[in-house]
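From first to last, the protein sequence lines stand for chains X and B.
Residues 1 to 211, numbered by our numbering, are exactly what the first sequence covers, in order.
Residues 1001 to 1111, numbered by our numbering, are exactly what the second sequence covers, in order.
In case anyone wonders, no lab produced these hints; they're calculated from the structure.
Don't be surprised by glycine CBs; every beta carbon is placed ideally from N, CA and C.
Keep in mind that a hint or two might mislead.
[Claimed, not checked] Straight line, CA to CA, 20 Å or less: simulated SDA-like cross-link-like pairs of lysine to any residue:
1. 208(X) to 40(X)
2. 134(X) to 1058(B)
3. 40(X) to 1045(B)
[Said to hold, decoys possible] Covered by chain B, per the in silico footprint, the following chain X stretches (three or more residues, Cβ under 8 Å):
4. 50–62
5. 103–113
6. 126–137
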Amino acid sequence: MSVEHSHGHDHDHAPPPDQDGPWSDYQYLETAVRELLIEKGIFSNDDVRRMIERMDSRSPARGAQVVAKAWSDPAFKDRLLADGRGAVEELGIDIEPVRLIVVENTAAEHNMVVCTLCSCYPRNLLGLPPDWYKARAYRSRAVREPRAVLAEFGTELPDGVAVRVHDSTADMRYMVLPRRPDGSEGLGEAELADLVTRDSMIGVSLPKTPA
Amino acid sequence: MSDGTGGYHAHHDMGGEPAGPVDRSTHDYAFWEKRVDALMVLLSAPERGLLRVDELRRGIESLGAYAYDRMSYYERWIASITNIMVEKGVLSQAEIDARIADLKARGVGRP
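Here chain B stands alone, though its shape is the one from the complex:
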């Protein structure tokens, strides 16, 4: 998008953009959101070194403007963490897809 000076900046780089009022309502983090946060901290711990904060951000920023605006904060995080784990060969997309199918087949996550 234009930065008003004839240049362009990436979607996430929103400092100075016009925007509406600050919505001060907050939510308690769901347990799955805390687990996403824990995954990031564990993967980035020095003894593992599998994910750095700048890598997480690069993954979030490359989700694209459409997704960025529609996904919640920890949805962006788990999407980025997953993509980076696949990029690094720690996990494969096939095994992730298979595990999700297995969870659904077992009825996990249904009320």
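Next up, chain X with everything else stripped away, as it sits in the complex:
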């Protein structure tokens, strides 16, 4: 098949995962390309399986571990803000070979992250991005009306707080270091990590407050 996709209908998209086949044209294409690459010795079936296992093992829990460490250890926080990748590697977390910029939320400034061109995202720390991060509404509006977008996520910031929006590229990834919640004094790193949500590290919401 051609992959120009110039026909005037859209019936051949993949069914939802809980729907029995038939396969879409793209599922056939994926299988054909993968089988041929394996037969040519480019990689093995095992390589594909291992890569998917690695992908499945990544989740926002990793990012939350980094945030909790930064909240607990000021020297680590300084290193994280100066050199995100280096600091994350200290924790034994494998990280993509691209620059990681960690931006800190404060009482005066709130940060949020977008990739207007596509979907760049700190996958090693947060797992695969949520669908809305890759979709038109968020990519278009985050840079024009961030406060309206934040409100849709239920995030209302005081008027005096500046909002900074960071647009990712293929060569650099951003992660937000949320502001440590009031009332979290005395909590250990594991308890702190429980307060950190995926969305708070994208910057569209705030961390949970301690019960």
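Given chain X's structure and the hints, the job is docking chain B onto it.
For chain B alone, coordinates are given in the frame of chain X:
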């Protein structure tokens, strides 16, 4: 499309465009979608170096506005990966077409 300043920008470059509310519903990735992602990561690994992220994006961006808006995220990825593998001579369109025909003839992918 117009960028409001008299200039034009490409379809994928949508930052600042008007758009509707953010739809926060998400889906669990299907296994075939994860495999597409794995193909990209494997092909771009330094020991293979067959595909770079900027090449993947160039392939996605050259699908055209009509396709871009109608294809799902990983549909765009596998289309781009395929086109780049064919461009680089790693795979030929003829062998891909033949393999798809063979899969269909064997009844693969039918419930």
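Hints, one by one, checked against the model:
{"no.": "1", "hint": "208(X) to 40(X)", "result": "violated, 50 Å"}
{"no.": "2", "hint": "134(X) to 1058(B)", "result": "holds, 16 Å"}
{"no.": "3", "hint": "40(X) to 1045(B)", "result": "holds, 17 Å"}
{"no.": "4", "hint": "50–62", "result": "holds (count 4)"}
{"no.": "5", "hint": "103–113", "result": "violated (count 0)"}
{"no.": "6", "hint": "126–137", "result": "holds (count 8)"}
Figure legend: structure checked against the earlier numbered hints; hints not met, in rising order: 1, 5.
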